[in-house]
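Number of protein chains: 2
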Amino acid sequence: MRARVALDAHGSDENPGPEVAGALAAIAEAQTEIVLVGDQPRLEAEVRKLRGNIPAELSFVHAPDVITMEDAPAKARRKKDASMVRAFDLVKAHQAEAVVTAGNSGAAMMLGTLVVGRLPGVIRPAIVNHFPTIDGGTTIMLDMGANVDCKPEWLAQFATMGSIYARSVLKIAEPRVGLVANGTEEGKGSESVRATHELLKTAPVKYIGLVEPHELFKGGCDVFVVDGFAGNLILKTTEGVVDAVFTLLKREIKARPLAMLGAMLAAPAFRAVKAKSDYDEYGAATLLGVDGAAFIGHGRSNPKAIKNAIKFARRMVESGANEAIASGLAANPPERISRG
Amino acid sequence: MRARVALDAHGSDENPGPEVAGALAAIAEAQTEIVLVGDQPRLEAEVRKLRGNIPAELSFVHAPDVITMEDAPAKARRKKDASMVRAFDLVKAHQAEAVVTAGNSGAAMMLGTLVVGRLPGVIRPAIVNHFPTIDGGTTIMLDMGANVDCKPEWLAQFATMGSIYARSVLKIAEPRVGLVANGTEEGKGSESVRATHELLKTAPVKYIGLVEPHELFKGGCDVFVVDGFAGNLILKTTEGVVDAVFTLLKREIKARPLAMLGAMLAAPAFRAVKAKSDYDEYGAATLLGVDGAAFIGHGRSNPKAIKNAIKFARRMVESGANEAIASGLAANPPERISRG
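Listed in order, the protein sequences are those of chains A and B. The first sequence begins at 0 in numbering that gives the first Met the number 0 and counts up one residue at a time. The second sequence begins at 0 in numbering that gives the first Met the number 0 and counts up one residue at a time.
The set of hints was computed from the structure by calculation and includes no laboratory data. Fair warning: there could be bad hints in the mix.
Which copy is meant is left open, so a pair is good if it fits within one copy or across any two.
Claimed, not checked - Quick list of in silico lysine to any residue cross-link-like pairs, SDA-like style, CA-CA up to 25 Å: (1) Lys-275 x Phe-59; (2) Lys-275 x Ala-92; (3) Lys-253 x Asp-134; (4) Lys-48 x Thr-137; (5) Lys-74 x Glu-28; (6) Lys-253 x Glu-214; (7) Lys-79 x His-297; (8) Lys-303 x Leu-247.
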């Protein structure tokens, strides 16, 4: 399937620099067709500055307005000439198969759901985040914040969508699916988790039961299912702990001259850990369940993060993940799962 | 107030070694009255082995049975001669003011609530965990798992109990209380969080609003209020991330001879970070809202963790935290808070 990526050029904090550089890097790496959406004269000038000419794979759509972090997601759609809105419009109009933005994530979720629309059979789209495991693999967790209060039927559907995504995009042959809970014994979990646990026992996935969040980095489970409230708290806890550990380490090392010398010698090891835990590697979170590939990056995205988000977006289109999700859900509608 | 601590001698994985050594360390440090509950002949032999004689502050209650990790919490009470059950019985019978156990935490919560009983006015006891901040302070979060599904009135009461605990036991003059959510803007949070947010606006605490979990280590909030499901997930995420970061660092350092040398030079800095993030420093979690001081430690507790749990238990009794909580709740019953 043809994979044209619509890139919102005015999403990141430092836009459009990271977007333009990331797009050019993606084209250099894999000749991806990219539509840069934003202030066209400025974008063209930026491209020429970086590489002299406009590559054949790159086209432009002029969109002079911008969605800011202050824009209420529900009202984003009204800014018809905003780069993010136009980027989602392109997918809706089948002029692109994927969209990447590093802007206001609430607005992006809203545009994905309302403008691009849901895949047939999807009750609620969900946000998927990727995590590195200590053995070099990748796990995913969903929902990371698109749906704050989730019904058991939605969570069961996240399991199916996540499993198909892991198989199609991450090439995991038989993804193990776990339901996030405060313990692994039968009967653990909130009321909603206990009801979902029953649904998942008969769902069309390799369900391994309740899992605790400290398993996230260990590699024993490929797809972690959680409601968007708890998922978002887990994500932000992860960021907070990594920050705190490295801040403390830096401070204690700086207080000791010998340790400073030691840290210089150990710097390549630190860099290797940083690269493994690096947000840039995965580029962006996936809004799964919409009728297109939608990737939402961090405001702090650098060119590498943008490039990798484009790469994942293209891979998702080419893998046929959405077609597989639509047919998977058609074969197992929520009603049938519920009767389980 | 007299502070006698009943110590379950058969709770930790390596029991009774850590318990006996921890009790002796607590006595050596601060002449604490401790009742060791368990297999008395064995415990007496262990004490004599470690210090020759039985110190005056130490007494024994014989309890030949043991609660294991396999015992269902709801049935723990039936093992009348188990060390954990007898330790809680002592508080109930006013033969001790505090109880410390490193055993089955579900059973301990059940015994605290059913045997010792709730403080007047408390709807639900909650588990309090302590976290170190990067600036050397301490924050607490509750509930960490005693109540999986929480009503807004319970969460509002956790805020009051946590605030009084932080003032009495941690000596924070005016604790800042935050409600854990997936964002700080008005309207964020689950349905239950949004309802709690309204209650807290008029609660008798210094409420600073919605807080995200990456603030936990930064020191801008003293008391984090969360339901027991999400709280437990946050705790286990924290443990998982710290483990993963140090496992990865160790592996990358070992793969590089120069980095190995560097890590040796930097070892004191690593040890300082480990000490700051060390579970042993806080010893145990507090079951807050029961009519006594109840501290529940990790199965992996070492003598230092036991000693510190005893120290906190004693400090809690001497601070009059429970009396302050009972009068605080009497002055602000949930009905009045609800009416706002």
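| For Lys-74 vs Glu-28, is the C-alpha pair at or below 25 Å within one copy, between two copies, both, or neither? | neither (37 Å within a copy, 62 Å between copies)
| request: Evaluate Lys-253 and Glu-214 at a C-alpha cut-off of 25 Å and name the case that applies: within, between, both or neither. | output: Intra 33 Å, inter 24 Å, cutoff 25 Å: inter-copy only.
| task | Since the copies are identical, ignore which copy is meant and state whether Lys-303 and Leu-247 lie within 25 Å (CA to CA) inside a copy, between copies, both or neither. | result | Between copies only: 22 Å across, 27 Å inside.
| query | Between Lys-253 and Asp-134, at a C-alpha cutoff of 25 Å, which is it: within one copy, between copies, both, or neither? | reply | For Lys-253 and Asp-134, the Cα distance is within 25 Å only across copies (15 Å; inside one copy 30 Å).
| task | Indicate which option fits the pair Lys-275, Ala-92 if close means a Cα-Cα distance not exceeding 25 Å: within, between, both or neither. | result | The answer is neither: 37 Å in one copy and 55 Å across copies each exceed 25 Å.
| Intra- versus inter-copy proximity for Phe-59 and Lys-275 (alpha-carbon distance at most 25 Å) | neither (34 Å within a copy, 52 Å between copies)
| Checking Lys-79 and His-297: alpha-carbon separation at most 25 Å within a copy, between copies, both or neither? | The answer is within: 23 Å in one copy meets 25 Å, while 56 Å across copies does not.
| When no copy is specified for Lys-48 and Thr-137, does a C-alpha distance of 25 Å or less occur within a copy, between copies, both, or neither? | Classified as neither; 36 Å inside a copy, 51 Å across copies.
Hint compliance for this structure: hints 1, 2, 4, 5 are broken, all remaining hints hold.
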